[in-house]
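Chemist: Line by line, the protein sequences give chains E and L. Under the numbering used here, the first residue of the first sequence carries the number 1, and numbering increases by one thereafter. Under the numbering used here, the first residue of the second sequence carries the number 1, and numbering increases by one thereafter.
These aren't lab readings, by the way, just hints derived from the structure by calculation. Computed from a predicted model, the values in this text were never measured in an experiment. Some hints could be false.
Here are the simulated lysine-lysine pairs, DSBU-like style, with alpha carbons at most 30 Å apart [to be verified]:
{"#": "1", "chain 1": "E", "residue 1": "48", "chain 2": "L", "residue 2": "168"}
{"#": "2", "chain 1": "L", "residue 1": "168", "chain 2": "E", "residue 2": "119"}
{"#": "3", "chain 1": "E", "residue 1": "126", "chain 2": "L", "residue 2": "59"}
{"#": "4", "chain 1": "E", "residue 1": "87", "chain 2": "L", "residue 2": "107"}
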Amino acid sequence: MKPAIGALLVCAMLLAISQLSANSVSTRPGLNSMQFHLGGDTYAELRKAPDKAVNRPNPMENDAEAVAAGKLLFADHCSECHGDDAKGGRKGPSLRVSDVQNATPGTLFWLLTNGVVRKKMPAWSKLPEPQRWQLVRFLRSPEAVPNASRDGATKP
Amino acid sequence: MIYVRLTLVLALVLPSLAFSGSVAAQENPYFVAYDHNLEEPGNLEVEYFSTFGTQRAGKDFHSYWTEFEYGVNAWWTTEFYLDAQTTFHDSTVYSGFKWENRFRVLKHEHWINPVLYAEYADSNGTDKTLKEVVGHDAELDYLTSNAEARREHKREMELKLILSSNSKGWNFSENIIAEKNLSNEPWEFGYALAASRPLALKGSATRCTFCRQNFIVGAEMYGGLGDRHSFGLRETSHYLAPVAGWNLPSGWTLRVSPGFGLNDNSHKFLLRWGLSREIKGLDQLLRRLFGAKS
Chain E
1 MKPAIGALLV
11 CAMLLAISQL
21 SANSVSTRPG
31 LNSMQFHLGG
41 DTYAELRKAP
51 DKAVNRPNPM
61 ENDAEAVAAG
71 KLLFADHCSE
81 CHGDDAKGGR
91 KGPSLRVSDV
101 QNATPGTLFW
111 LLTNGVVRKK
121 MPAWSKLPEP
131 QRWQLVRFLR
141 SPEAVPNASR
151 DGATKP
Chain L
1 MIYVRLTLVL
11 ALVLPSLAFS
21 GSVAAQENPY
31 FVAYDHNLEE
41 PGNLEVEYFS
51 TFGTQRAGKD
61 FHSYWTEFEY
71 GVNAWWTTEF
81 YLDAQTTFHD
91 STVYSGFKWE
101 NRFRVLKHEH
111 WINPVLYAEY
121 ADSNGTDKTL
131 KEVVGHDAEL
141 DYLTSNAEAR
151 REHKREMELK
161 LILSSNSKGW
171 NFSENIIAEK
181 NLSNEPWEFG
191 YALAASRPLA
201 LKGSATRCTF
211 CRQNFIVGAE
221 MYGGLGDRHS
231 FGLRETSHYL
241 APVAGWNLPS
251 GWTLRVSPGF
261 GLNDNSHKFL
271 LRWGLSREIK
281 GLDQLLRRLF
291 GAKS
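Throw the hints in and build the complete structure from the sequences for me.
Modeler: Right, here's the structure in full:
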C-alpha cells in the first residue's frame, strides 16, 4: 500500500501548494476579478530590454504563414494565462494594451525569451527562435488585436 | 504485487482523464539529463517511464516509475516519483519514492543557464531505474535477488548543478551530480550530458500530428565519477543513448531511447520509453475546488 499512500501524499502536497499560490495573487479593487494584477507597473519589464534586443528585426516579418503558426503557438502556450483573445486572464495581463502593441518586435522577442520569472511569466527559450518570432508576428497582427479593440495604455 | 502496477498505471491515467485542459507540450526527449526549462507555473505534468535492462550472469529487469511534475513558480518546479521494478523470473517490487526540486538561479536567459537541483530519496535496494549513475555503480550491483535487496533501506540526498543552453534550436545540457547516502557513506559523484534539437524549427500553420517540429531527437551520455575517496573514472560505468521525443498536439509526449553500456561495468543494453501528459491550469482547478471566487 506504500505507493497508494505516496500518491495521496503528493496530491495533498500539490493541493496545499496551489492554495498557497492562490492566496498570494492579489486582486485590485474595482477590477474584474478575472483580471491579472501584480501591483506596480505590470508592463515595466518591456522597458528593460537592451537596445540591441529592441532593434532586432523580425526575420518572420514577410513569412506568409507566420501569423497562422503564431496563432496556434499562442493557443498552446500563452492563452492559458493571457486569455484566448489576449485580453488577459487571472494569471497574465492583457497583450492588447498599447504598451505591448507599440513595443518593437525585438522587445517582445526579448521578453518571450527571458520571461519575467520572478512574476510567474516563464522564459520561453525552449521554443526555437523561429517559433518565438512567429508568436511576435501574431501578437502584433490584426488577427490577434483588431484595431477597433486595442486597449489603452495602462498607467503605473 | 499486481497492486503496485495497478497503482502506478492509475496514478498516470486518472489525473489525465480528470483534468480536461491539456496543452501541446514542447518537452525535451531526455530520460536522465535535465535542462533549465522548468514546468510552467500551475501546470502539472504526469509522466510514466520504463527501463528494460539486460543483466549479464543474471536476470533481465523492467523498472518503471511515475512522476508528478508541478510548476510552483516560473523559477521553481517540484516533482514527486514512485518507483517499482520487475526482475524476470524473480518478482515485482515497489522500490521507493523521490522528491525533487529545481530552482532557476538567474532572472534572465544567458548563454549558460544554471539550475540548482535538490532531491530526497527513500528507497530499498531494489531500485533499478538507472535514473542517475553515480559513484562506482556497476552492473554487478544488480545481481542481488529482490527478496534480499529489499531488506536494504536507503535514505539519500542528491544535489545537481544543471547547466543548460538553448542555441539555434539546439539544447545542450550538462549535469554535475553529487549524491550522499544519509547513513555513514561517502559522497558519490556522476555526470550527465545531453543535446537535442527538433527536426524543424518553424511552427506549422496548421495543427498536425506528424509535423517535423513535433519530433525532437538527440543523445545522452551519463556515468559515474567515483566517490570522495576515489574520484575518477576507475571502476565506474558509462552509457551512451540516442533519444527521441514526439510531442503530440493532444498534449501527450512519447519518448524512446536505446542505451548502450560503454564499458564492462555497464549494462550492455537499456531500452527506455516514456509517456507523459501536461495538464494546464491545475492551480486554477484546485482553486475552484477550494471555493475561490472566479
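Chemist: All hints, please: hold or fail.
Modeler: Hints, one by one, checked against the model:
For the hint pairing residue 48 of chain E with residue 168 of chain L, the CA-to-CA distance comes to about 24 Å; that is within 30 Å, so the pair holds. Between residue 168 of chain L and residue 119 of chain E the alpha-carbon distance is near 27 Å, which keeps this suggested pair within the 30 Å criterion. At most 30 Å may separate the alpha-carbon atoms for a hinted pair to count; residue 126 of chain E and residue 59 of chain L exceed this at roughly 40 Å. At roughly 26 Å between alpha-carbon atoms, residue 87 of chain E and residue 107 of chain L fall within 30 Å of each other, so this suggested pair holds.
Hint compliance for this structure: hint 3 is the single one not met.
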